[in-house]
Amino acid sequence: MTKKLFLIAIILCLCSCKTVDIDKALDITLTTIQATETAARPISEEEEYYVGRAVAARIFSYYPLYENPQLTNYINSIGKVIALHSEKPFIFGGYHFALLNTDEINAFACPGGIVLISRGMLKLVKNEDELAAVIAHEIAHLNHRDGINSIKQARWTEALTIIGTKTAKQLGNEEVIKLVNIFEASVDDILKTLITNGYSRTQEYAADEKALQYLKKAGYNPHALIDVLQKLAKNTKSKSGLLSTHPDPLDRINNLKDKIPPFSLDLNAFKKRSARFNSYVKE
Amino acid sequence: MKAMKFNFIIKLIILLSLIATFSYAETVTVITKENAIREFPRFFAPVKALVKYNDILEVITKEGNWFKVKFKNNIGYIHKTAVERRTVLVRESSLSRKTSTTESEITLAGKGFNPQVEKAYKEKYPEMRYDIVDKVERYDVSDKELVSFIRAGGLSEPK
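Protein chains in written order, with our numbering: chain A, 618 to 900; chain B, 45 to 203.
No incorrect hints appear here.
Below, a list of computed lysine-lysine pairs in the DSSO-like style, where the Cα atoms sit at most 30 Å apart:
id: 1; chain 1: A; residue 1: K833; chain 2: B; residue 2: K188
id: 2; chain 1: A; residue 1: K833; chain 2: A; residue 2: K888
id: 3; chain 1: A; residue 1: K888; chain 2: B; residue 2: K203
id: 4; chain 1: B; residue 1: K124; chain 2: A; residue 2: K827
id: 5; chain 1: B; residue 1: K124; chain 2: A; residue 2: K705
id: 6; chain 1: A; residue 1: K705; chain 2: B; residue 2: K114
Partial chain B-side listing against chain A, Cβ under 8 Å, derived:
id: 7; residue: K77
id: 8; residue: E162
id: 9; residue: E181
In case anyone wonders, no lab produced these hints; they're calculated from the structure.
Note that CB positions come from ideal geometry on N, CA and C, so glycine has one too.
Next up, chain B with everything else stripped away, as it sits in the complex (with noise of 0.2 Å):
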């Protein structure tokens, strides 16, 4: 009886160390080169805040397809698609706060194809056209032209 109440005690003890150890905060990465936080989970609400690649963002709930996240002091809501879960561990005690894999992750994910390989690629072969490619990248419509186009065509506006 004594050992099993031993037991039991030890089993808590580990445990109650471990959860004060850790505690896990759910974030998504962004996986756009450049995204939006907005106010409603819309395609086109009004932006809160801009993103970019390999920010993280706290995760708040998740609504439909759309997360509500919060970044920098700014709530609001991105689309599944713009970001990703990864393991990013959030190890927080009462006197500190970090996270710690970022960095490692980012350049293990980014030792591919990547502008470094797209430099030596351009280096060697400079009559490609990326100045054209770079002129096609910078095509966009805004939000407010888009919503127009759709509206003018009857067209169904994106949920």
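Isolated chain A, as found in the complex (with noise of 0.2 Å):
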């Protein structure tokens, strides 16, 4: 009897359906569902875009950009192969690639996709292989999010409250204020790591582990990783730049021996490489 009561309410409730907005009711139930994954979601793609072109701007307030078609034209087109041939081909903003006018042998990855390499370090490495193994270590620290993540816990957490569930399109006033605040500060914090402190060693050795695998795919020589890390291990003269924020190389070096992909080297693929990488590099 309870049963068919039951079963009764349920056809009562569909046949009034016909009076109740299904659409709005969904709608409703939808945005709060949507509005509870916000709250403790991470900060997304877009987000680290924003982020990143804040990092950027603030280095270039440090570092004058190196202005040069060609050159940054084949240090792009580096830098997208190996892009192309990673675990994330398309992010938010895309990829791009630029030279800082300084000697310091230093190269940075901007969150959302901004990868920006010295001039120092162009003198450095000795052909095309050796750079795009520089260019991949940057691209594996984007992929694993290694500078947005450097952003303290709690920033988010608190940036998390104000963005809130409101459905407002925008925020207000007080909110952009706080929220700019927060920012500023995760930009404070990405900077630090990037210029100061550097990755953790586990992030480090990480992203050469992967570099490898970039290069692999990309048909760039595997091995060039190491010949960079060696050049780096006999510039004892600067321990300025990325010495100072990296791992001792040999370190780096004892890290990837054994983790080495076989690779067969086209030798007659790696002259041309070489002499293009003469031409625009060391003219």
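Mind assembling these two chains? They're in different frames, but the hints should get you there.
What follows is the structure in structure tokens.
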């Protein structure tokens, strides 16, 4: 009897659906679900992109851009080939590669896809495969989200409480001011990691290991990464730049020695790459 | 026995009502600023249509790392990393068809570190070199150039 009554109640409910706006009810339900998801979400790729732009804008206030259209196009070609062979060929704003006009030996991966290579680094590497190894290492940091993950968790938690679950399209002035302060602090966190403290040893090793895979997939000699690290190890004069933020190159070589994937080097192709490297970089 | 039959009929009616009311069409949403739908599931295949962030594409099939999709009467392929599955419900009836959650979803997802925050940050620190960042973001290499670069250097074409 109870069952019958229950079924009759369901039928009545279904009949009454005519007068209920199902669309609206579902919208409310879905919005609530999304709001709950948003409240605990990680930083999105789009947000990472805006943070990365700010990081790059700050770096460009320390180091000038080196403008050389042919060389820039060459670096971008190498970078894009490697990115297409990575696990994330497409990211929100795409990958972009630029040169910094400084003799300091350095390279930065700004979250969101901008990779900056110093002219000092260009002088250190001796062929295209070595340059590709440097770029591959930076792309690995991007794909591992090492930069964005250096934002203190408490900041993002605070940001999420401000973002809240309101459905208004734009934030109010007060909310924007608070978010800008968190945004600024987040950019500082990343810059501190990139320029002063460096990533953890684990993150560096992981980026090196991933770089070997990217190089092999793209057709570059993975051993070129070891060659670059050896050059860095010999460059004991400069303790600033990359050497001050990365583990000892010899430790990095040691970590990689059993991990180099088998690779059959096509000498003819290598010579062609080296020739174009010389024409763009060493001229 | 009668009660069992009655029970079954009611359950059937409920099920059919639900099927008639809703149907789920699998869609994916573009998550890059811009991208392309290509003729074949290859990075350098000819472009059939350009898509932009938040465009919703109807999924036909998935082939390896590529989705075969339909967008504005164009059928082609887009790489899986350029899109994501979102819980967008497409309600379909014989008379009308609409996507219902897109706007609220965009509102919630877009309310974080976004152009509004960047604008306020730029105003606070006008010395930041966003002009150079914009210039760097304009650096691009065409598909044609990239293919020649790969071939000339004996590199591997991405799949």
